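Could you build all of it, start to finish, from the sequences and the hints given here?
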Amino acid sequence: MTSMSKPLIDKHLPRNKLNLTVRDYEGSMSTLCAGCGHDSVTAALVQAFWQLDLPPHSAAKISGIGCSSKTTAYFMGQSHGINCVHGRMPSVATGANAVNGDLHYIGISGDGDSLSIGFGQFAHAIRRNLNMLYVLENNGVYGLTKGQFSASADIGTKSKKGIANEQSPIDPCVQALTLGAGFVARAFSGDKSQLVPLIQAGLMHKGFALIDVISPCVTFNDHAGSTKSYAHTFKYYHPLVHTDFVAHHEEITADTSEGGAITVTMHDGGILKLRKTDDDYDPRDRAQAIETLLLGDRSGEIRTGLLYVNEDMADMHAANHLPKTPLNALPYEALTPGRAALAKLQGRWK
Amino acid sequence: MKPTNTGDPDYFHKVVDCQWACPAHTPVPEYIRLIAQGEFTEAYMVNRRSNVFPGILGRVCDRPCEPACRRGRVEEEPVAICRLKRVAADHRDEVSHLVPQKPAHTNGRKIALIGAGPASLTVANDLAPLGYECTIFEAMHRPGGLMISNIPSFRLPEEVLDEEIGYILNMGVDLKLNHRIESMKAMLEADYDAIFIGSGAPKGKDLKIEGREEADANIHIGIDWLESVAFEHIEKIGKKVLIIGVGNTAMDCCRSSLRLGADDVKVMARKPREFFKASPWELEDAEDENVEILVNHSPKRFVTENGKLVGMEFELMEYDLDARGNITATRNTGTTIIPCDDVILAIGQENAFPWIERDIGLEFDKWGVPIVDTTTYQSTIPGVFFGGDSAFGPKNIIWAVEHGHQAAISIHKHCEKTDLAARMPRGVNLQSAKMGVNEWMYSNDYERGQRGVMPLVELKARLGNRKIEVEMGYTAEQIHTEVQRCLNCDVQTVFDPPLCKECDACIDICPVDCLSIVENGDEGELRTRLKAPADNLDQALYVSAPLKDTGRVMVKDEDLCLHCGLCAERCPTAAWDMQDGDILIPHVDDEARRVAAE
Chain A
1 MTSMSKPLID KHLPRNKLNL TVRDYEGSMS TLCAGCGHDS VTAALVQAFW QLDLPPHSAA
61 KISGIGCSSK TTAYFMGQSH GINCVHGRMP SVATGANAVN GDLHYIGISG DGDSLSIGFG
121 QFAHAIRRNL NMLYVLENNG VYGLTKGQFS ASADIGTKSK KGIANEQSPI DPCVQALTLG
181 AGFVARAFSG DKSQLVPLIQ AGLMHKGFAL IDVISPCVTF NDHAGSTKSY AHTFKYYHPL
241 VHTDFVAHHE EITADTSEGG AITVTMHDGG ILKLRKTDDD YDPRDRAQAI ETLLLGDRSG
301 EIRTGLLYVN EDMADMHAAN HLPKTPLNAL PYEALTPGRA ALAKLQGRWK
Chain B
1 MKPTNTGDPD YFHKVVDCQW ACPAHTPVPE YIRLIAQGEF TEAYMVNRRS NVFPGILGRV
61 CDRPCEPACR RGRVEEEPVA ICRLKRVAAD HRDEVSHLVP QKPAHTNGRK IALIGAGPAS
121 LTVANDLAPL GYECTIFEAM HRPGGLMISN IPSFRLPEEV LDEEIGYILN MGVDLKLNHR
181 IESMKAMLEA DYDAIFIGSG APKGKDLKIE GREEADANIH IGIDWLESVA FEHIEKIGKK
241 VLIIGVGNTA MDCCRSSLRL GADDVKVMAR KPREFFKASP WELEDAEDEN VEILVNHSPK
301 RFVTENGKLV GMEFELMEYD LDARGNITAT RNTGTTIIPC DDVILAIGQE NAFPWIERDI
361 GLEFDKWGVP IVDTTTYQST IPGVFFGGDS AFGPKNIIWA VEHGHQAAIS IHKHCEKTDL
421 AARMPRGVNL QSAKMGVNEW MYSNDYERGQ RGVMPLVELK ARLGNRKIEV EMGYTAEQIH
481 TEVQRCLNCD VQTVFDPPLC KECDACIDIC PVDCLSIVEN GDEGELRTRL KAPADNLDQA
541 LYVSAPLKDT GRVMVKDEDL CLHCGLCAER CPTAAWDMQD GDILIPHVDD EARRVAAE
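Residue numbers (UniProt numbering), protein chains in the order written: chain A, 1 to 350; chain B, 1 to 598.
Honestly, I wouldn't trust all of these hints.
Here are the computed lysine to aspartate or glutamate pairs in the DMTMM-like style, where the Cα-Cα straight-line distance is at most 25 Å [what the hints assert, rightly or not]:
| no. | chain 1 | residue 1 | chain 2 | residue 2 |
| --- | --- | --- | --- | --- |
| 1 | A | K6 | B | D513 |
| 2 | A | K273 | B | E519 |
| 3 | A | K11 | B | D535 |
| 4 | A | K6 | B | D535 |
| 5 | A | K11 | B | E214 |
| 6 | B | K300 | B | E214 |
| 7 | B | K14 | B | D590 |
| 8 | B | K467 | B | E284 |
| 9 | A | K276 | B | E519 |
Worth flagging that the hints you see were computed from the coordinates, not collected in a lab. Please read all numbers here as calculations on a predicted model, not as lab measurements.
Pasting the structure below:
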């Protein structure tokens with residue numbers, strides 16, 4: 001962490017459609033270790049939301065427990081947010097989403113919060129297709145408790161003291177694909193050119209959008225022998241597709257609509273331009289996605305990018321026929337129909 | 001781009017915009033930090049080393065440092081550097097035992113210095129402590145040159161002048177007052193090892209238009225008139241006064257007029273305001289005293305009645321400007337007569353050397369300006385040097401000081417019979433400013449306060465006595481804020497590429513987006529794809545060697561960096577470090593010590 005918060009100098013900064021600068025999307029000062037990948041993910045979130053012209057009050061940030069979960073305090077200081085019980089972020093997000101489908105839900109979690117204590121919650125949020133952006137800041141260790149292996153640690157990766165992990169890792173992307181998620185991506189905190197458009201696309205996806213971000217723990221898991229260090233990730237980093245997100249109000253230029261790109265129209269009218277790098281990879285093919293990830297484990301390559309996208313799935317709101325109007329916007333009479341209405345309802349089970 | 005050569009002393013020097021812009025290269029952030037610590041005497045001595053007259057310059061310097069100040073790019077107003085220099089001078093303790101002292105023995109070498117202005121005084125200041133026998137010849141009855149004759153006491157009190165000149169005279173300098181040099185030939189024939197000419201630009205320009213002769217009694221040449229006021233030969237002026245010209249001398253003339261009884265003073269400018277030569281703050285000070293500045297009035301003739309000046313006729317001008325502000329067309333739209341009792345001409349001054357014979361080998365160019373080497377300040381006669389306004393025409397005190405420093409080096413080399421051009425290079429000395437985890441040897445937080453407004457003596461009181469200094473100096477609260485406004489640009493951001501793990505931490509935390517990790521490229525193209533476009537081409541890009549994991553390079557745009565050190569605080573490997581950079585500017589004592597060491 002730093003000794004002081006970042007001075008506000010915004011004279012030179014461009015403004016978005018809401019007349020806000022990127023600095024207006026920041027939060028309070030980070031207390032994470034200097035060089036933590038999570039701070040870089042925070043910066044990518046700030047950048048993405050500013051570019052999307054997202055009104056800060058239209059977003060809700062929800063997190064559980066862990067280094068990653070602290071970071072909701074570090075971006076969009078003027079939006080809604082709750083830092084809740086360990087591993088229970090999806091439940092809280094589900095409840096909030098049920099009563100107010102108008103907000104953009106941003107869940108921030110880590111490999112401990114999602115793949116150990118909150119694994120069941122993670123799975124069921126996907127199964128329900130909760131409309132949220134779920135960012136999993138994945139560093140392979142429990143940083144807050146001084147560096148024990150987490151459930152995402154690879155076999156053979158070494159702890160800071162040199163002990164190798166022998167247990168199988170849980171790959172959140174494989175899990176999400178098998179559970180039926182409609183938006184599955186993997187990214188790296190060290191490459192914002194990939195992470196920022198993925199965040200934008202994930203937020204605009206109608207349904208559950210998972211971004212598993214490799215976000216090195218600079219204090220406990222950034223040494224030689226670690227498979228989640230900066231050096232290792234840079235070495236084996238392999239984007240399968242390059243994603244450009246074009247918001248619906250932007251004009252599509254030749255630059256973003258070149259030949260050979262796969263075009264996916266998002267629910268809100270925004271467009272995803274997916275450019276293959278060198279593989280014959282189609283992110284609309286779920287079986288290929290699963291196969292590629294499992295093979296990737298053996299080659300050592302860290303395969304990143306938008307791995308799978310399906311825009312044609314009903315989210316929790318649609319599937320359950322929940323009211324379109326948020327409960328806080330319903331008139332009092334509709335929200336509390338009175339004694340007679342209650343008696344009528346109860347009469348149905350007499 | 002190739003990796004930046006930070007071994008070049010000028011690279012980090014340029015980052016310290018104020019020091020780079022100062023002709024004498026005063027280490028501004030260093031003395032501001034000393035003021036912040038309450039070390040006023042130390043701050044004064046750091047100043048004195050480079051600019052010799054901190055008390056004087058803290059009041060009347062032309063401040064080339066302030067337009068250069070980085071703070072003025074980050075927000076509206078630069079740090080009040082000049083005001084802070086005065087703070088050091090006003091609040092210091094006795095320094096007479098700290099300034100260079102009269103040596104126990106002289107070295108027997110005799111140096112003649114012509115004119116007791118800032119240039120000659122600086123030469124004496126540098127050479128006398130080394131044992132040189134310096135003799136200053138001054139035509140007036142007091143030393144100081146233009147500093148005493150042309151700068152009014154309400155801007156520069158005589159005590160301040162006398163004290164700072166006194167330190168130099170106490171070094172064993174022989175000052176011959178009322179001693180005008182009439183012949184350069186005679187000087188050359190006298191027994192001097194070197195001669196320095198610092199006789200200034202003493203000739204004010206005249207305006208030869210209709211009525212000039214007839215109205216002569218009420219037409220005054222600005223610099224001569226100011227001198228007569230300073231030496232109390234003139235004590236009053238008419239009620240209505242016109243000042244012709246709008247440079248800094250004009251500002252001194254109009255304000256002096258108000259103190260000698262005028263109550264309607266107009267400054268007449270031929271061109272629009274953007275062409276004024278006066279410093280903005282001097283214009284402001286004059287207007288604050290209700291001086292009216294009229295633009296687009298071109299003098300046509302002096303109007304006289306019965307052989308006495310009663311007014312001046314002007315042509316009314318109109319100008320067309322292009323997008324860059326250059327005049328493309330000039331029109332005359334009529335004339336007007338403005339009544340007045342006196343006119344003061346402040347339309348420029350020139351150097352004049354009626355006392356230098358033209359057959360002694362000292363060459364002049366076609367404008368009558370001596371031919372002087374811009375590095376050594378030597379004329380076409382070996383051993384004869386020029387400095388100050390007499391060398392290259394009217395500049396400012398701080399330039400005269402720098403000329404004096406350089407001429408002193410040349411005089412020393414001339415006497416040692418070594419190559420004048422083989423001068424010690426500048427240097428830079430960097431040392432980490434780290435004191436502990438996120439603790440630095442300077443205050444790195446950003447002060448949001450605005451530039452302090454100088455408290456002034458109330459208008460009525462100041463106009464009643466021309467010797468009352470108008471500016472009262474900063475209050476304690478103003479000093480406290482102003483010192484914190486300095487961005488400490490001399491605490492340099494220094495990058496060590498092999499340590500970088502490309503975590504982006506520095507890039508994310510930088511409050512002005514001046515850092516980027518990108519693929520290398522040509523400068524012009526690289527400037528467009530940094531985190532924030534590097535539009536200010538006057539400011540360098542700091543480019544690292546390729547980074548080990550991706551081969552990309554770290555690029556820093558020096559333009560807006562706050563030197564807040566957050567990049568270094570966020571860096572997990574100390575690849576970024578904040579390092580205090582001392583820029584070494586050699587003076588003649590450094591040259592002398594180098595010879596002694598060899």
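Hint-by-hint comparison with the structure:
With a C-alpha separation of about 11 Å, the suggested pair K6/A and D513/B falls inside the 25 Å cut-off, and the hint holds. Straight-line distance between C-alpha atoms of K273/A and E519/B comes to about 23 Å, which keeps the hinted pair within the 25 Å bound. With a C-alpha separation of about 14 Å, the suggested pair K11/A and D535/B falls inside the 25 Å cut-off, and the hint holds. Straight-line distance between C-alpha atoms of K6/A and D535/B comes to about 23 Å, which keeps the hinted pair within the 25 Å bound.
The hinted pair formed by K11/A and E214/B fails the criterion: a straight-line CA distance of about 58 Å is larger than 25 Å. Note on K300/B and E214/B: the hinted pairing holds, with a Cα-Cα distance of about 15 Å set against a maximum of 25 Å. The hinted pair formed by K14/B and D590/B meets the criterion: a straight-line CA distance of about 22 Å does not exceed 25 Å. As the CA atoms of K467/B and E284/B are separated by approximately 20 Å, the hinted pair is consistent with the 25 Å bound.
About 21 Å separates the Cα atoms of K276/A and E519/B, which keeps this hinted pair within 25 Å; it holds.
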